[in-house]
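Residue-level listing of the chains:
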Amino acid sequence: MSEKKYFDEMLNADGSVRDPYRILADWVQSQPKTALKQLAADAETIFRRLGITFAVYGSNESTERLIPFDVIPRVISANEWRRLEKGIEQRVKALNMFLFDLYHNQDIIRAGRIPEKLIIQNEAFCPHMMGLNPPRGIYSHIIGVDIVRTGPDDFYVLEDNLRTPSGVSYMLEDREAMMHLVPDLFHKLKVAPVETYPENLRRTLESVAPDSCAGSPNIVVLTPGIYNSAYFEHSFLADQMGATLCEGHDLFVDNGKVYMRTTLGPERVDVIYRRIDDDFLDPLTFRPDSMLGVPGLFDAYRAGNVTLVNAPGTGIADDKAVYTYVPQIIEFYLGEKPILKNVPTYNCTNVDERAYVLDNLAELVVKEVHGSGGYGMLVGPASTKKQRAEFTEKIRARPDNYIVQPTLALSTCPTFTNAGIAPRHVDLRPFVLVGDQIRITPGGLTRVALKRGSLVVNSSQGGGTKDTWVLED
Amino acid sequence: MRISIRHELRYAFPEDTARAVQHVLMTPCDTKGQKVIEWSIDMPGMESAEHFTDAFGNLAHLVTQSRPENGLGILVTGIVDTSDASGVVGRLDNDPNIALFKRLTGQTRPNGNLVNRLKAQQKAGLGRVELMHWLMNRLHEAHEASGEEDEEPVEIVAEDHAHVFVAALRGIDIPARFVTGYVLEAQDKPARLHAWAEAWDDSLGWIGFDPSANLCPTEAYVRLATGLDAETSTPVRLVPDLPRENDDAIRVAQVMMANQQQ
Chain A
1 MSEKKYFDEM LNADGSVRDP YRILADWVQS QPKTALKQLA ADAETIFRRL GITFAVYGSN
61 ESTERLIPFD VIPRVISANE WRRLEKGIEQ RVKALNMFLF DLYHNQDIIR AGRIPEKLII
121 QNEAFCPHMM GLNPPRGIYS HIIGVDIVRT GPDDFYVLED NLRTPSGVSY MLEDREAMMH
181 LVPDLFHKLK VAPVETYPEN LRRTLESVAP DSCAGSPNIV VLTPGIYNSA YFEHSFLADQ
241 MGATLCEGHD LFVDNGKVYM RTTLGPERVD VIYRRIDDDF LDPLTFRPDS MLGVPGLFDA
301 YRAGNVTLVN APGTGIADDK AVYTYVPQII EFYLGEKPIL KNVPTYNCTN VDERAYVLDN
361 LAELVVKEVH GSGGYGMLVG PASTKKQRAE FTEKIRARPD NYIVQPTLAL STCPTFTNAG
421 IAPRHVDLRP FVLVGDQIRI TPGGLTRVAL KRGSLVVNSS QGGGTKDTWV LED
Chain B
1 MRISIRHELR YAFPEDTARA VQHVLMTPCD TKGQKVIEWS IDMPGMESAE HFTDAFGNLA
61 HLVTQSRPEN GLGILVTGIV DTSDASGVVG RLDNDPNIAL FKRLTGQTRP NGNLVNRLKA
121 QQKAGLGRVE LMHWLMNRLH EAHEASGEED EEPVEIVAED HAHVFVAALR GIDIPARFVT
181 GYVLEAQDKP ARLHAWAEAW DDSLGWIGFD PSANLCPTEA YVRLATGLDA ETSTPVRLVP
241 DLPRENDDAI RVAQVMMANQ QQ
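Those protein sequence lines, which keep their order, are chains A and B.
Numbering-wise, this note's numbering puts 147 at position 147 of the first sequence, and it's gapless, one number per residue.
Numbering-wise, this note's numbering puts 64 at position 64 of the second sequence, and it's gapless, one number per residue.
Extracted from the complex, chain B is given alone in its bound form (with noise of 0.2 Å):
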């Protein structure tokens, strides 16, 4: 499947900002499940920007603006072709050291209830993928219950229970990772940013898991950014950091149009 992405962001700096500064981890690689044919990340100072692939194998942007008077537009325009591989991601070239995917960080503190079923699955005799699959289900039976659906915006949903399921994993000592990126909806629906999980198996390499909706990544999904959490694999990173939960400060305005095209 050929998807075209369109994601523009916007962010207005407080007055007599003299410089800023900003990591864009705005690019993605090619995986077993999906080709980058086309990609560009459009912004003032990227003509002049460093880049460099992160900790934890990211193709990365060091951009820099000065005197930045309007405020700071993205726009990110590509076009990528995916196709169904069950979820399997592989090895990719930039990964680093799997081993670091099991650190627990401030977002991904695992819950002990969880870990404690886990481990009883796992002497129950249930396979490392199979286990992985259980914990999705589980945290989708759990959210189902809990009937908080609408409560919450869908991106807020997604980044927990990513979180939920990154912690357990590394609870039992298996290397899982936080990932960022877009998934193609139906058509009556806006795309959106998405959030979700990978965890390690020695001989499949990543597999992804999305618990929110409860499967393994299909077509529709375009693999952007990963990190131990969403704190480490957040798209823009920005200098002088402005109030998230402020809605004055941030102008985050995002126009998005995947469209199928094959």
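Next up, chain A with everything else stripped away, as it sits in the complex (with noise of 0.2 Å):
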């Protein structure tokens, strides 16, 4: 790869150590490597013990790998977090009038801001939801944003992740982690908790149960089973705020009202966090041949007798060509200019813009409109001749779906690996919480690219996971 200059969140260009990382710094400084090597391999230990597997799809060999774990933490400081949550709290509020806007009047078409025709053909929209008011008129209400650093004051949302991002788990698993392996360094510095999340999941969750529900709601967590890749987080997340993980087949609907069977009988359920996507969710009104859902759910939903989170069809406002209008949904919605910036993103339907994309691919990156995972995409630095030849093909044949965006300078931070402590690229992936306020959890998940050089975050693709810090005041 060219010589390109990366921001580093620790060093500065001369060598001098950034304010955020001072006390690490020294900490890292300070401590001899067979130390390091040490608390990697405790760290290891930790995560075997607490089961923390993620499924790989399309590898043979063992399908559960643990997901490597750098012990040297990412720090943010006070201000560049209080930024990074203004603008993540603007785009959610934004994204969420957004879906109240396209099932209801679309006064965002009908203003002539965005094409009726990339909605309505739009795969990810959901005809069902037109008209129906979710509680609070909030449709997405657990947001996983992925962000990514260029430079000392430049961040870019990559997506904004509004169907059911996974990933909290490994937050809160990272955190308990580290301070099992350095209680001292969270004595020298003040840390911004994350433990707070499962408690206020379910703050989240109970606040949109239906008006129609009395008392305290019944919350259960909604897994499509053990064969999922996040399954372990279902289970995880279901125990931690003390909820019941159940399948499809452990629901019923009746008289508009979903139960959950129970060896002391049917008990009424309130409300659903799905980790089903929408067109498994219930075989009556979506897929008929869906076996994870529960016929009659949708019905109950739109009768007000049940809120599932997040909404169905909340997938249309992080669709990757709806992605490049959200500057202008922003000011549509709220009247303000985007905190956060979108990375700039070709659009391969227009003549011009394709035949720049195909002219220079070595340079940029390629996703599937409908891909995720870091599956399907073409990451042009680090690409073959071949590769690049086969999806010029694919443009080609299918411009519509696919978008292309500059490879963007991941910014990297210190971390261990087998050479001492290099400099990997790393993004973050904030959580937040939408119900009757937002709430943000300071930090989230940090991806990084152990390869050296690798852009690629993907726990699928060889990336692994770190701490991230958000330093109090």
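Hint data in this document are derived by calculation from the structure and do not stem from the laboratory.
Be aware that a few hints might be false.
[As the list claims (entries may be wrong)] Computed footprint of chain B on chain A, listed as stretches where at least three residues anywhere in the stretch have a Cβ under 8 Å from a Cβ of chain B: (1) 253-265; (2) 292-301.
[Unchecked claim] When the alpha-carbon atoms are kept at most 30 Å apart in a straight line, the in silico DSS-like pairs for lysine-lysine are as follows: (3) B:K35 x A:K117; (4) B:K119 x B:K102; (5) B:K123 x A:K117.
All C-beta atoms in this analysis are idealised placements derived from N, C-alpha and C, irrespective of residue type, glycine included.
Two chains, two frames, some hints: make the complex.
Right, dumping it as structure tokens:
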């Protein structure tokens, strides 16, 4: 790769240490290499005991793997965080207003600010949601915004993830592990807590219970089952907030209300944190062949007898083609300038832009409009000639199926590697809860590309995680 | 014209079915061309069924049976007064956002050639409603020319025609929808469940077109339900989903007597 200058979150260009990292840098320097090695080994023991694994699709070997963990935390100053927080809050507010509008009057389309076709013909748009009024007008309650940093003040949102974002269990377990591993560091630095997340999740879910629900709402987590890559997280979150973990066949709908089968008889359910995709929620309304869902669930939702979190049809607001309109969406609903930037995105259906893209593939990133998890993408600078030729064909055949962005110079953080401490590229997924109020957990999940020079942080593609420390004033 | 309808459906569930659930879209609404005088759906579970307006403006019932031992029988009976409104249905109280009916689905993929010919007619100055008639005539001609008349059951032909019609109009950005309903036929032939289409005009509202018969619905038509396509307007959707292609598992016996009483 070319000698690009990347923003290092710990070190200035002249080698001096950036403010937020001062105490951490001293600590790291005072550690003999063997001590860090020991910490890494201890961390692995902890994670094995906790049983955190994730499934990798498409690999034959062991399907369950331990996600790699780096013992050097990432540090974000209180000031930096305040700005990020504001920007995230602005975005999730605007996107929830956008969803309400799309499923009601569609003022933004009438105003000519977003093409009708992009919405009406979009797979992620859910016609069945038209005219429904979810409690508090909230569609996406649980959000994981993917953010990358390219400079001291430059933050870009890569994806908004408004459907069923995962990863929050890693954030919580990473923190727990760090508190075991380096308790002394938590005395030296005032790190904002993340362990309140499960409690906040519960509060958020309770706050969006149906109006008809009297008393304390009964909350369940609905999982597709043990073969899902995030099953661990489903059971972990249910456990942490004291909710029941269930599968579709544990629930049924009677008289428009949802019940859970229990040994003591049917128990009414008020709020469902569902980790099943829209299509599979209810075979009567969505895919008739779904074995994972609950027949009549959507009818119970429509009748206001149960709340689905997140609501069906939120995917239209994090669709990769709609993404390019988010700055306009923020201006339209809030009358504000976006605080966080969007990554400039090329539209391959435009002849000029496509020509530019095909001429410069080696410097660009190509993503499938409906892809996720780092599958089906091309990272130009790391690609082979053959791969670029393949993508040239793909883009020519279906230009609307791809979005293309410049390769971002992702910031780096000090990371413990076989060769000692070295900079590795990172991104950040803060977790947002939207209910009676907007709650953003300080920090989030930092994903790190462990391979030298790699810009792909997805755990399915050799990425790891590290704890994220937001400093308090 | 007063039309009475009796429609009987039977489903045989697999043995040991613990629970069966259905969406029933079998309640017609009043339009410019029809007024519902009497209507009833008789089936197990109906007394405690929930009803709601679905995403496409239909009145739907959610019906449940525990241990449906002898299968499921549905009897729909009703009386509807109709008049000839030259196919104009108008605006309906429960109509959702009209733009929704521009959405293409798996069953409504526009034929590029047909869309291009429509565009050419549009360019040549054909008005919106004329364009709809032009399209209906072309589909009918194409069908006549193909000479496949007796090959396929008449219901399938009607459904296909309605899909092609709807998809082509959506292809030129005109909202259009799929309709199911009853049609009174000649005295010697039994009535049947039929499928046709409706297209949107800003001044007239919805206008019905029956491309398989090459006419706009007359007073012989009773409109039942509508949707993006056959799948979303199907009169009965069931879980467990019975394999419709398998005649042994599915038994739908329709007994319909439609007669004029006026």
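Ascending list of hint numbers which this structure does not respect: 3
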